[in-house]
Amino acid sequence: MNQQPICRAWELWKNPILLRYCRSRLRPTAVFVSCLLTVMVTGFLFQMIRVVSGQKANFSAIDIERTALLPLLFVQGLILFILGTAQASGGMTAERDEGVIDYQRLLPMTPAAKVLGYLFGLPIREYLMFFCSMPFTLWCLWKGEVPSHTWLSLYGVMASTTLLYHLTGLLTGTIVKNRRWAFLTSIGLIFALYTVIPQAAKFGLVFFKYLTITPVVEESMRYLMPGTAGSAWETGRRLLSDAKFFNLDFSEAVFTYFSQSCLIITFFVMLCRRWKDAEAHLLGKVWAVGFYTWVQVLLLGNALPLIDSGKLFPTQQFSRFAYLLKGKAWEPASWEALSMILVYGIISLLLLWVLSSIVTPSFGTQINGWRRAHKRNRTSIPILADESNSTGFVFLMALIGGVGWFGFAHVIVESRWFPGQSAPLGLAGHFILAMVTCAMLHQLLLEAKGGRAVFLGFIFVLVLPLMIASILFGASEKFLAIATWIAGISPLCLPALTAAHHLGIANLPLNLSRAVPGAHLFWQTVHGLMVLFLITNLWETRRQTRKQASTIGIGTGSRSKGDSAV
Amino acid sequence: MNEPPIAIDLRDLRVDYEHFTAVHDLTLRVPAGQVFGLVGPNGAGKTSTFRVLASLMQPTYGEVILSGVDVLEDKETARRLIGYMPDLAPVPRDLKCGEFLRFYARAYGLGNARQCSARADECLEEVALTDCKNHWCHKLSRGQTQRLVLAKTMLHAPKVLILDEPASGLDPLARRELRATLRKLASQGATIFISSHILTELAEMCTSLCVMSRGKLLASGTVEEVRTQLGDDSRSITVVPLHAMGQVPEWLRLCNGVADVRVVQGALELDFLGDDEAQAALLEEMIQRGLRIRNFTEKRSSYEEILIGVAERSRLS
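From first to last, the protein sequence lines are chains W and H.
Under the working numbering, the first residue of the first sequence carries the number 31, and numbering increases by one thereafter.
Under the working numbering, the first residue of the second sequence carries the number 34, and numbering increases by one thereafter.
Hints may be right or wrong, so weigh each one.
[Stated by the list, open to error] Lysine-lysine pairs mimicking DSS-like chemistry, simulated, CA-CA at most 27 Å apart: (1) H:LYS108 to H:LYS172; (2) W:LYS232 to W:LYS306; (3) W:LYS44 to H:LYS129; (4) W:LYS232 to W:LYS173; (5) H:LYS166 to H:LYS108; (6) H:LYS217 to W:LYS44; (7) H:LYS192 to H:LYS166; (8) W:LYS207 to W:LYS341; (9) H:LYS172 to H:LYS192; (10) H:LYS108 to W:LYS405; (11) W:LYS577 to W:LYS207; (12) W:LYS274 to W:LYS207; (13) W:LYS207 to H:LYS108; (14) W:LYS405 to W:LYS479; (15) W:LYS44 to H:LYS332; (16) W:LYS577 to W:LYS479; (17) H:LYS129 to H:LYS166; (18) W:LYS207 to H:LYS172; (19) H:LYS166 to W:LYS44; (20) H:LYS172 to W:LYS306; (21) H:LYS192 to W:LYS306; (22) W:LYS577 to W:LYS405.
Derived from the structure by calculation, the hints contain no laboratory data.
With the hints as constraints, model all of the structure from the sequences given.
If you want it as structure tokens, here you go:
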């Protein structure tokens with residue numbers, strides 16, 4: 031038998047899945063229509079903008095060419111990021127929906143080759159449409175005298191961002207079972223990951239900005255706009271943050287590759303795991319811990335170097351104008367620092383919950399693991415197996431998250447902006463305790479009671495108290511204390527209470543400052559007790575699972591007549 | 034004489050869903066070159082067994098060995114040996130029949146574009162779909178779709194074909210063609226593992242078969258052996274004598290294997306539990322006792338009745 035692989039992962043030109051989509055998605059009629067539309071739209075924009083800027087705005091020859099670049103880039107982004115991602119997600123779901131995905135699973139190809147086949151095959155027509163728009167862009171880049179390093183970094187990052195978005199689409203298409211939901215989830219996830227979450231950059235989490243093409247476009251903008259506007263933009267941009275990672279300086283493009291590669295590799299690993307075994311967890315436990323640590327390092331590495339210069343604080347850029355107008359020097363407000371600390375804690379916690387959901391086995395997975403272990407006369411499930419419980423790993427991630435969060439808070443509070451304030455290392459325990467409590471509540475509930483209990487908990491314990499508290503906060507200052515106590519029910523509020531209670535910079539209104547310590551201590555204790563209760567509950571559940579696995583039909587003794595046959 | 038090698042070897046296979054055991058410690062060995070049927074009512078565990086065999090699903094535990102290759106350990110090698118045709122035989126909406134087969138021919142590494150195309154044409158001809166080469170896959174009729182997927186399944190000449198209800202939706206003519214195709218494949222050395230919930234259908238196609246219900250294997254062997262193992266040896270015999278039957282009914286009631294004797298409108302009806310040999314001996318004895326037999330009929334339970342009985346018993350247990 032020929033044991034050679036059909037095609038190695040990197041041999042894209044031989045990849046049967048890619049070639050299959052070249053056949054089905056590049057049929058002459060469809061390609062002709064798509065390319066014609068692309069050429070029409072980009073050609074129209076190209077010519078119209080050049081004519082208008084030449085005739086009406088009296089731009090120089092170079093500026094005329096540059097003016098058309100941004101709209102053309104927008105159209106290219108639309109083609110690759112929106113149409114391409116929708117195709118990657120929808121095509122993958124269609125494969126599963128039609129049932130033909132099983133045929134592909136059976137192909138003697140490596141999971142990586144299959145993922146790459148889909149990644150480049152499903153949006154193949156969109157790639158062609160993109161290339162149809164390129165002649166106009168190339169003309170503008172050439173005649174607009176845009177330096178080669180600028181457009182190389184711009185298109186390089188566009189390529190890596192495209193990969194990231196398409197992988198996100200493939201992933202949602204693979205994991206979401208319902209076709210309609212897959213499409214909505216894909217759009218939702220992409221909107222959240224690449225539009226909403228990058229807004230956290232404004233609150234100090236600069237790393238998230240690099241998941242998009244924005245920083246590189248901003249860096250290249252001086253060459254993508256007419257001369258005067260480009261120079262003004264560049265002057266403004268220089269006042270803003272640079273791409274820094276601890277003490278290292280990078281160009282925006284390099285740092286974007288650096289940040290995106292982490293996510294690209296993780297998504298690729300997730301897809302490969304699913305192609306290898308359709309029921310496998312998206313991530314292994316060690317990978318999840320590594321990924322979480324990596325994100326924490328990136329968040330801190332990006333944020334900490336910008337504290338002393340003040341570039342981390344969102345109000346700095348607005349206050350520049352105030353300074354110019356009023357001559358009043360800018361300095362960050364304590365509420366701003368506190369908000370940034372809160373955002374860091376909450377985002378760390380949310381990411382931790384996502385990873386905890388990925389690595390925590392369901393009841394069915396666990397009991398099957400125990401059955402397998404019993405059959406092989408083992409007394410335990412291998413610790414890194416998907417069937418093994420994830421409590422230890424989530425605890426470890428919570429410790430890392432707590433340390434990262436406290437590190438961020440510590441550096442902000444003890445920065446030159448808040449003289450006299452301190453966040454001694456002794457406080458770290460409170461931050462870590464809050465993070466561990468929230469993380470364990472989620473993990474223990476998920477493992478002991480399942481996803482439905484977590485969903486109900488999310489609605490009634492996590493969100494509802496916050497909604498009620500928000501209404502009370504808005505209604506009257508008289509209700510601030512009671513609102514704080516109600517908000518404390520939600521574990522999501524625990525990081526806020528911890529930071530507000532223990533950091534001197536909080537500078538809360540009187541009635542709030544009275545309520546916060548009590549609410550924090552009370553709810554920290556309640557949530558801690560809940561964790562203890564869930565631990566005992568989970569202990570019992572695990573004992574019963576083991577017992578159930580060892581008693582129901584294990585072994586070959588319960589076979590019926592004719593059980594062994596030739 | 035050398036025994037044929039074992040093509041499919043399942044040992045203690047168990048498949049669990051969250052609160053439901055689909056396959057319960059199944060052990061099964063199928064020699065190479067057989068057309069082996071797996072029959073059972075809906076929910077018997079046929080599809081789960083097939084999906085594990087095809088390396089599409091991880092069992093709770095157990096061993097699955099196909100032609101000496103451990104499916105759970107070495108999926109990639111095993112997948113070259115397997116041709117799997119799922120229930121309902123899905124096809125893509127965006128490919129034509131010829132393209133569909135050429136894609137898989139390429140994916141299984143069957144040579145360059147020309148060789149792949151030739152093999153695709155060969156398989157289309159095998160299932161009598163040459164005329165449909167340029168038709169869209171999803172526009173074929175149900176029977177044609179089944180045949181197309183069968184062609185795709187045998188494209189890389191797999192050693193083991195796993196066909197999940199391949200005859201469902203086929204008209205009698207297409208079934209006959211399917212039987213002929215399967216026999217031809219088996220004669221070329223392929224082992225065919227085929228499932229159905231219609232025992233008659235499998236009885237016509239298979240060299241041997243097994244019956245599953247609620248995840249357990251109830252019987253296996255040739256059709257006759259399965260009938261015996263399922264405890265359905267009973268046959269109803271009607272004897273119409275030429276004249277009065279005298280003491281024969283009383284004598285019959287004392288005979289071994291005779292369960293019940295009734296005299297209905299001058300005919301003798303008896304339920305007999307025994308094999309063909311015993312039945313021949315009983316008739317001979319009747320004649321020796323002076324009974325002149327004008328007419329003799331034998332009626333046995335149909336395969337469907339047997340399967341319904343199995344399903345009923347299984348449900349009650």
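Here's how the hints hold up against the structure:
1. H:LYS108 to H:LYS172: violated (33 Å)
2. W:LYS232 to W:LYS306: Cα-Cα ~39 Å, so violated.
3. W:LYS44 to H:LYS129: holds (21 Å)
4. W:LYS232 to W:LYS173: violated (36 Å)
5. H:LYS166 to H:LYS108: Violated, at roughly 31 Å.
6. H:LYS217 to W:LYS44: violated (33 Å)
7. H:LYS192 to H:LYS166: Holds - the C-alpha atoms of LYS166 of chain H and LYS192 of chain H are around 26 Å apart, at most 27 Å.
8. W:LYS207 to W:LYS341: At roughly 44 Å apart (the allowed maximum being 27 Å), LYS341 of chain W and LYS207 of chain W break the hint.
9. H:LYS172 to H:LYS192: With a Cα-Cα distance of about 30 Å, the restraint between LYS172 of chain H and LYS192 of chain H is violated, given a limit of 27 Å.
10. H:LYS108 to W:LYS405: Holds, because 22 Å separates the two Cα atoms, which is no more than 27 Å.
11. W:LYS577 to W:LYS207: violated (32 Å)
12. W:LYS274 to W:LYS207: violated (40 Å)
13. W:LYS207 to H:LYS108: With a Cα-Cα distance of about 25 Å, the restraint between LYS207 of chain W and LYS108 of chain H holds, given a limit of 27 Å.
14. W:LYS405 to W:LYS479: holds (26 Å)
15. W:LYS44 to H:LYS332: Distance ~61 Å between LYS44 of chain W and LYS332 of chain H Cα, so the pair is violated.
16. W:LYS577 to W:LYS479: Given pair LYS577 of chain W, LYS479 of chain W holds - Cα atoms ~17 Å apart, limit 27 Å.
17. H:LYS129 to H:LYS166: holds (7 Å)
18. W:LYS207 to H:LYS172: Holds - the C-alpha atoms of LYS172 of chain H and LYS207 of chain W are around 25 Å apart, at most 27 Å.
19. H:LYS166 to W:LYS44: holds (24 Å)
20. H:LYS172 to W:LYS306: Distance ~32 Å between LYS172 of chain H and LYS306 of chain W Cα, so the pair is violated.
21. H:LYS192 to W:LYS306: Cα-Cα ~23 Å, so holds.
22. W:LYS577 to W:LYS405: holds (13 Å)
Comparing the model with each earlier hint shows violations of hints 1, 2, 4, 5, 6, 8, 9, 11, 12, 15, 20; every other hint is respected.
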